[in-house]
Amino acid sequence: MRIEIVDDVIAADRIVAEMKAGADGAVCVFDGIVRDNTRGRKTLHLDYEAYREMALEQMATLAAEAVTKYSVRDVAIVHRLGRLLVGETSVLIVVSSAHRGAAFDACRWLIDTLKKTVPIWKKEQFVDGVLWADGEPFPEGIVAPVVEETRG
Amino acid sequence: MRIEIVDDVIAADRIVAEMKAGADGAVCVFDGIVRDNTRGRKTLHLDYEAYREMALEQMATLAAEAVTKYSVRDVAIVHRLGRLLVGETSVLIVVSSAHRGAAFDACRWLIDTLKKTVPIWKKEQFVDGVLWADGEPFPEGIVAPVVEETRG
Amino acid sequence: MRVRMLYFGIVKDLLGVERETVEVPVGMTVEGVLSFSRLRSSKESEIWNSLAVAVNREYAQRSAVLHEGDEVALLPPVSGGLDRAEKNEERQDA
Amino acid sequence: MRVRMLYFGIVKDLLGVERETVEVPVGMTVEGVLSFSRLRSSKESEIWNSLAVAVNREYAQRSAVLHEGDEVALLPPVSGGLDRAEKNEERQDA
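Going line by line, the protein sequences match chains A, L, X and Y.
Each number in the working numbering corresponds to the 1-based position in the first sequence with 2 added.
Each number in the working numbering corresponds to the 1-based position in the second sequence with 2 added.
Each number in the working numbering corresponds to the 1-based position in the third sequence with 8 added.
Each number in the working numbering corresponds to the 1-based position in the fourth sequence with 8 added.
Treat the hints with caution; some may be incorrect.
With a cut-off of at most 25 Å between alpha-carbon atoms, the simulated SDA-like pairs for lysine to any residue come out as follows [stated by the list, open to error]:
| no. | chain 1 | residue 1 | chain 2 | residue 2 |
| --- | --- | --- | --- | --- |
| 1 | Y | K20 | A | D136 |
| 2 | L | K71 | A | R41 |
| 3 | L | K22 | A | R16 |
| 4 | L | K44 | A | V88 |
| 5 | A | K44 | L | D76 |
| 6 | A | K71 | L | D114 |
| 7 | A | K118 | Y | V63 |
| 8 | L | K125 | X | V32 |
| 9 | L | K44 | A | G24 |
| 10 | L | K71 | X | L14 |
| 11 | A | K22 | L | D107 |
| 12 | L | K22 | A | K71 |
| 13 | A | K125 | Y | M9 |
| 14 | Y | K51 | A | M21 |
| 15 | X | K20 | L | P141 |
| 16 | A | K22 | L | Q127 |
| 17 | X | K51 | X | E76 |
| 18 | A | K118 | L | A25 |
| 19 | L | K22 | A | G24 |
| 20 | A | K118 | Y | R10 |
| 21 | A | K22 | L | P141 |
| 22 | L | K22 | A | V129 |
| 23 | A | K71 | L | D38 |
| 24 | L | K44 | A | A19 |
| 25 | A | K125 | L | K22 |
| 26 | L | K125 | L | D107 |
| 27 | A | K22 | L | P139 |
| 28 | L | K22 | A | D15 |
| 29 | L | K44 | A | E20 |
| 30 | X | K20 | L | D76 |
| 31 | L | K44 | X | I18 |
| 32 | X | K20 | L | T40 |
| 33 | X | K20 | X | V32 |
| 34 | A | K118 | Y | V32 |
| 35 | L | K118 | X | V32 |
| 36 | X | K20 | X | Q69 |
| 37 | L | K22 | A | G84 |
A partial selection of chain A residues facing chain Y, derived with a Cβ cut-off under 8 Å [to be verified]:
| no. | residue |
| --- | --- |
| 38 | E59 |
| 39 | D107 |
| 40 | T119 |
Hints were generated in silico from the structure; no laboratory data involved.
Since the model is a prediction, treat every value here as computed from it, not as a measurement.
Using N, Cα and C, we set each Cβ at its ideal position, and we do this for glycine too.
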């Protein structure tokens with residue numbers, strides 16, 4: 003498994019090539035790239051930051067879970083931090099498997115779960131302002147319902 | 003849309019790179035590679051052949067259908083013919099989209115449908131014999147139920 | 009009238025020919041040429057029950073009537089791409 | 009006892025600090041430090057209701073009790089990768 007957080011361009015070609023082995027019949031790749039807009043608002047760039055050590059641990063856990071859960075052969079998850087321009091890859095997920103169904107399912111589960119649980123955030127620089135992107139709510143089990151009384 | 007049948011190595015890196023545009027947030031890639039075995043029987047190589055003109059037309063139709071059906075921005079389908087060795091790419095499908103859900107769904111639908119309807123066949127050369135690979139049965143509508151009486 | 013026949017995959021091997029022009033009666037259907045080809049084949053094979061037929065590069069129904077100069081292709085179940093479906097795999101392993 | 013606090017994303021901006029060591033009473037819970045941080049924040053924000061808390065790099069329940077030297081991180085909803093979920097998008101467009 004290849005689990006990395008990098009501060010420079012993600013070498014997708016090399017990573018995908020290195021993920022292939024003789025027993026594989028299918029490789030599914032998800033390449034998340036910086037879009038030029040969010041809901042029509044024009045994006046200049048994104049700044050990614052992470053709780054780096056925890057994010058790496060979470061990514062490794064997800065990769066291991068995907069291998070077990072979907073019986074795929076190998077998984078790579080590489081996320082980039084820092085300033086990214088439109089068109090650049092922020093996250094690359096590669097799943098190699100004997101069969102295509104498992105490769106698709108594992109790849110999709112990985113990006114969906116990563117986006118909800120791996121501590122990485124992005125600040126969006128628009129032409130007309132800057133904003134921390136809304137995350138998706140944490141899954142139950144990570145955040146217990148807030149008990150309002152505790153605030154005092 | 004990029005629809006191609008090629009007789010040489012598929013330049014996956016270049017094709018994926020050319021499929022990205024500013025409006026895209028997600029690129030889903032399916033890379034079908036020659037596996038070293040089929041049900042445990044060791045594979046030496048595969049020979050692909052096609053009804054080339056019809057296959058190209060079918061691939062173009064599928065790509066257009068995927069764009070409409072899943073509202074993705076762009077689709078590439080490239081299939082290679084001739085002799086392929088273990089680890090080589092036989093088919094590459096790339097879907098670019100603003101959103102990841104549509105990219106995954108379209109990519110999966112494309113490979114699943116291609117494998118049932120696009121007239122391409124493979125002959126498997128094993129260490130101990132050669133065999134036309136079983137295809138999946140044609141979908142209803144392509145093959146009408148056989149009327150046995152017509153034979154004789 | 010004459011039609012152009014194309015054979016692919018295992019059908020090509022069974023008939024021992026890749027393409028040929030054949031003379032058929034006016035009003036001949038897809039089902040008709042299929043039966044004709046099947047009778048010509050030296051070896052019996054299950055494959056004849058699962059063929060698709062394309063006329064002028066489009067899948068055609070068994071009842072379709074042929075016309076002079078048509079290109080008629082006999083297509084075994086296709087197997088492009090990689091990765092046989094797991095469903096299939098399980099069935100055959102069983 | 010002392011714990012190490014780490015703030016990320018918008019929480020870092022709200023508190024005006026990225027990391028700090030704070031003195032807390034023995035028996036302090038995750039809920040306790042969260043309330044404490046919230047009270048310290050100059051600006052009120054909905055974000056406090058949706059934070060997760062990690063203790064020593066693992067997600068922790070609100071009731072978890074802290075220990076001397078723990079690393080406690082306040083984490084706003086994460087937004088790694090690209091492509092906001094369509095569900096979210098629709099809700100916000102509405």
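Verification of the supplied hints:
Taking the CA atoms of K20(Y) and D136(A), the gap is about 15 Å. The hint holds against a cut of 25 Å. A C-alpha spacing of about 21 Å is found between K71(L) and R41(A), which places the hinted pair at or below 25 Å, so the restraint holds. Proposed proximity of K22(L) and R16(A) is supported: the alpha carbons are some 18 Å apart, at most 25 Å. With a CA separation close to 45 Å, the supplied pair K44(L) and V88(A) exceeds the 25 Å bound.
In summary, the hint linking K44(A) to D76(L) is supported, as the alpha carbons are separated by about 21 Å, within the 25 Å threshold. Distance restraint check for K71(A) and D114(L): the Cα-Cα separation of roughly 22 Å lies within the 25 Å cut-off, and the hinted pair is therefore satisfied. At most 25 Å may separate the alpha-carbon atoms for a hinted pair to count; K118(A) and V63(Y) meet this at roughly 18 Å. Among the hinted pairs, K125(L) with V32(X) is inconsistent with the structure: their alpha-carbon atoms are about 31 Å apart, more than 25 Å.
A C-alpha spacing of about 10 Å is found between K44(L) and G24(A), which places the hinted pair at or below 25 Å, so the restraint holds. This hinted pair does not check out: K71(L) and L14(X) have alpha carbons roughly 33 Å apart, beyond 25 Å. For the hint pairing K22(A) with D107(L), the CA-to-CA distance comes to about 23 Å; that is within 25 Å, so the pair holds. Between the alpha carbons of K22(L) and K71(A) the distance comes to roughly 31 Å, so the proposed pair goes past 25 Å and is violated.
About 34 Å separates the Cα atoms of K125(A) and M9(Y), which puts this hinted pair outside 25 Å; it is violated. Proposed proximity of K51(Y) and M21(A) is contradicted: the alpha carbons are some 47 Å apart, above 25 Å. The straight-line distance between the Cα atoms of K20(X) and P141(L) is roughly 22 Å, inside the 25 Å bound, and the hint therefore holds. At most 25 Å may separate the alpha-carbon atoms for a hinted pair to count; K22(A) and Q127(L) meet this at roughly 21 Å.
With a C-alpha separation of about 29 Å, the suggested pairing of K51(X) with E76(X) is violated against the 25 Å cut-off. A hinted pair counts as satisfied when its Cα atoms are at most 25 Å apart, and K118(A) with A25(L) qualifies at roughly 23 Å. A hinted pair counts as satisfied when its Cα atoms are at most 25 Å apart, and K22(L) with G24(A) does not qualify at roughly 29 Å. For the suggested pair K118(A) and R10(Y), the alpha carbons sit about 30 Å apart, so the restraint of at most 25 Å is broken.
Taking the CA atoms of K22(A) and P141(L), the gap is about 31 Å. The hint is violated against a cut of 25 Å. Between K22(L) and V129(A), the direct Cα distance comes to roughly 22 Å. Compliance with the 25 Å bound is thereby established for this hinted pair. For the proposed pair K71(A) and D38(L), the alpha carbon gap of about 24 Å is at most 25 Å, so the pair holds. Proximity of K44(L) to A19(A) is assessed by CA-CA distance (about 22 Å); at most 25 Å being required, the pair is judged to hold.
For the hint pairing K125(A) with K22(L), the CA-to-CA distance comes to about 22 Å; that is within 25 Å, so the pair holds. Between the alpha carbons of K125(L) and D107(L) the distance comes to roughly 29 Å, so the proposed pair goes past 25 Å and is violated. This hinted pair does not check out: K22(A) and P139(L) have alpha carbons roughly 29 Å apart, beyond 25 Å. Proposed proximity of K22(L) and D15(A) is supported: the alpha carbons are some 14 Å apart, at most 25 Å.
Distance restraint check for K44(L) and E20(A): the Cα-Cα separation of roughly 22 Å lies within the 25 Å cut-off, and the hinted pair is therefore satisfied. At roughly 36 Å between alpha-carbon atoms, K20(X) and D76(L) are farther apart than 25 Å, so this suggested pair is violated. Of the supplied pair hints, the one linking K44(L) and I18(X) holds, its CA atoms being roughly 21 Å apart against a limit of 25 Å. With a CA separation close to 23 Å, the supplied pair K20(X) and T40(L) stays within the 25 Å bound.
Distance hint between K20(X) and V32(X) is fulfilled; the C-alpha atoms sit about 20 Å from each other, no more than 25 Å. With a C-alpha separation of about 30 Å, the suggested pair K118(A) and V32(Y) falls outside the 25 Å cut-off, and the hint is violated. Taking the CA atoms of K118(L) and V32(X), the gap is near 30 Å; set against the 25 Å cutoff, the hint is violated. A hinted pair counts as satisfied when its Cα atoms are at most 25 Å apart, and K20(X) with Q69(X) qualifies at roughly 21 Å.
Our distance criterion of 25 Å between C-alpha atoms is met by K22(L) and G84(A), whose separation comes to about 21 Å. With its C-beta approaching chain Y no nearer than about 6 Å, E59(A) sits inside the 8 Å limit, and its interface hint holds. At its closest, the beta carbon of D107(A) sits 17 Å from a beta carbon of chain Y; the interface hint therefore is violated under the 8 Å criterion. Taking 8 Å as the C-beta contact cut-off toward chain Y, the hint placing T119(A) at the interface holds, the least distance being around 7 Å.
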